[in-house]
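A.B. asks: In case you want the letters, here they are:
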Amino acid sequence: MAIHHREIGLSDQTAVEIYRYMFMARKVDEREWILNRAGKIHFVISCQGQEAAQVGAAFALEKGVDYLNPYYRDTGVVLVMGMTVRDLLLSAFAKAEDPNSGGRQMPGHFSSRKLNIMTQSSPTGTQIPHAVGFALAAKYEKKPFVSFVTLGEGTSNQGDFHEALNFAGVHKLPVIVLVENNQYAISVPVKKQLACESVADRAVGYGMPGVSVDGNDPLEVYKAVKEARERALRGEGGTLIEAKTYRLTPHSSDDDDRTYRSRDEVELAKKQDPILRYREYILSQRLMDEGKLAALEKKVMEEIDEATRYAEEAPYPEPESAMLHVYG
Amino acid sequence: MAILSYIEAVTHTLREEMKRDPRVFLLGEDVGVRGGVFRATQGLIEEFGEERVIDSPLTESAIVGVSIGAAAYGLRPVAEIQFADFILPAVNQIISEAAKIRYRSNNDWHVPLVIRAPYGGGVHGALYHSQSMERIFAGNPGLKIVAPATPYDVKGLLTSAIRDEDPVLFFEHKRLYRSVKGEVPEQEYTLPIGKGDIKREGSDITVISYGLTLHYVLQAAESLAKEGISTHVFDLMTLYPLDKEGIIEAAAKTGKVLIVHEDHKEGGIGGEVSAVIAEEALFDLDAPIKRLGGPSIPAMPYSPPLEKFYMLNPDKIAQAMRELAYF
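Listed in order, the protein sequences are those of chains A and B. Going by the numbering used here, the first sequence opens with residue 2, and the numbers climb by one from there. Going by the numbering used here, the second sequence opens with residue 634, and the numbers climb by one from there.
Derived contacts from chain B toward chain A, CB cut-off under 7 Å, selection only:
#1 ALA695
#2 VAL699
#3 ILE701
#4 ALA703
#5 ALA705
#6 TYR706
#7 SER729
#8 ILE734
#9 ARG735
#10 SER738
#11 ASN740
#12 ASP741
#13 GLY775
Since the hints were made in silico from the structure, they are not lab data. All C-beta atoms, glycine included, are put in the ideal place defined by N, C-alpha and C.
Assemble the whole structure, with the sequences as input and the hints as a guide.
C.D. replies: And the structure:
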């Protein structure tokens, strides 16, 4: 890790909590793949490889105060903001209790008004103007919160990205835009997606700072988002942050990434796995020893087991409930 | 009671609702300093300030998308799309997002948003300043589409739209802005979204219409009355969800139905209205359901004779009404 956690104001305990959430996000994801391959759930879209960017960023936000427009890989973000493993599994199984949509949406389409997480659709980029709308509301109501939105690098080519960032820039709105650059938009690599070197380079066009950080380092991402949040609250407007990551899984459970990238490339990326790297950091800083860390991991696994059991047994929505909530 | 033009009724209602509720704000292209290219928001930036009357960048998708975020937070945005023709970049935000947010979040989030859009032709606006865009949005549950024809209806329906908890598309016919005047009560009132209105009682034929052509229908009905033909005129007012009961009742009243709109006949709202009648009122009919609309060309051309060829008028409508009466 390039930065020490205490240098950026994080306690030893918080540094460990960051690990716990990263590990939890990874393991829920892995559990969903097993359930998918066993034919128990229909769809998975992964966060694997992006946990450091997600959890690092979310720790810099204020729960219940800031508003979120996450995208479909942001398991790490929503867990930190208060969604539970059980909530995620209820969504994976599409059960009635799924807090995101009552089983109406695919997994990964997060939503919770209680947790200030705005509902998303599948067409990419549509959430960015929404996030700017929340930021506009902060300025309109003179309320001290920021609006946080995430997306992939492919989505930074969408018209909504440019329209929204320009709108935010013109009105100096308190929005933090985190691009999780995982190198692929399904099969199309970043070099066929972006005409510029880095997504962060685009910020100059919107009159806001653009920052590029190592997305495998939760502390570096935390620091960038924390600074962006302080800037936003000072009334100085938005920030575009690019976290460079790597997607370790196929795009979704319906994708086969062997058709477009080599196994050597994926194996090499696995050596930079943010979970392994950050685990090393925890041990090297003596924040925990191997035994305590293993106990923490075991406890997370028990929570996932329990949530899986609960979600699998939970009832599906009543068929006729499909007719509800078209209008208020 | 004041006599207001159609566009004055828009401005009056926006002002009244902004005074009533501090959460109501306006955004769109040129809505502030210029007061709108049609002047629908004239004077409002002076009265309410640039925080509440926002001259937005030229970005239709963001105008709607930002409004969705602000509405989900709890504000009451009234967005203006300068010409309905330019709404297409925002269609993804309207149909994929605004229409589905309540549903997809299982009633957790909702977007009380109004999108105002001047539509329609007969104003020398050529292809891209004359279109009727309502067909694109009709049939999308989660959306409401309103198209009033009179200043009185503008106030009642725009007030309801702003107070509605769901997204409402509010289509204002450009040709009506300054050509139609009417009594508008000073006090607040609302008209129900989803209900049509009988604009003329009659017994021989029923004509169903909305917007500019409703006025042409009323003029045609007046001249046909002199020929001894009595016309029942039903104004849809809300284009989605349709007032099915009102439509069926109006159709059954005379048994002879003509649906008139400026939009292309093919694929327009009239197709859905006639389907409602065919499904629910077949045995009340004495003649096939007829539709009169624009020709099947991409959009309205510019040159005056071409525009005139496209547009309906009281004579064209009267002819269709006569044919139906004598069927």
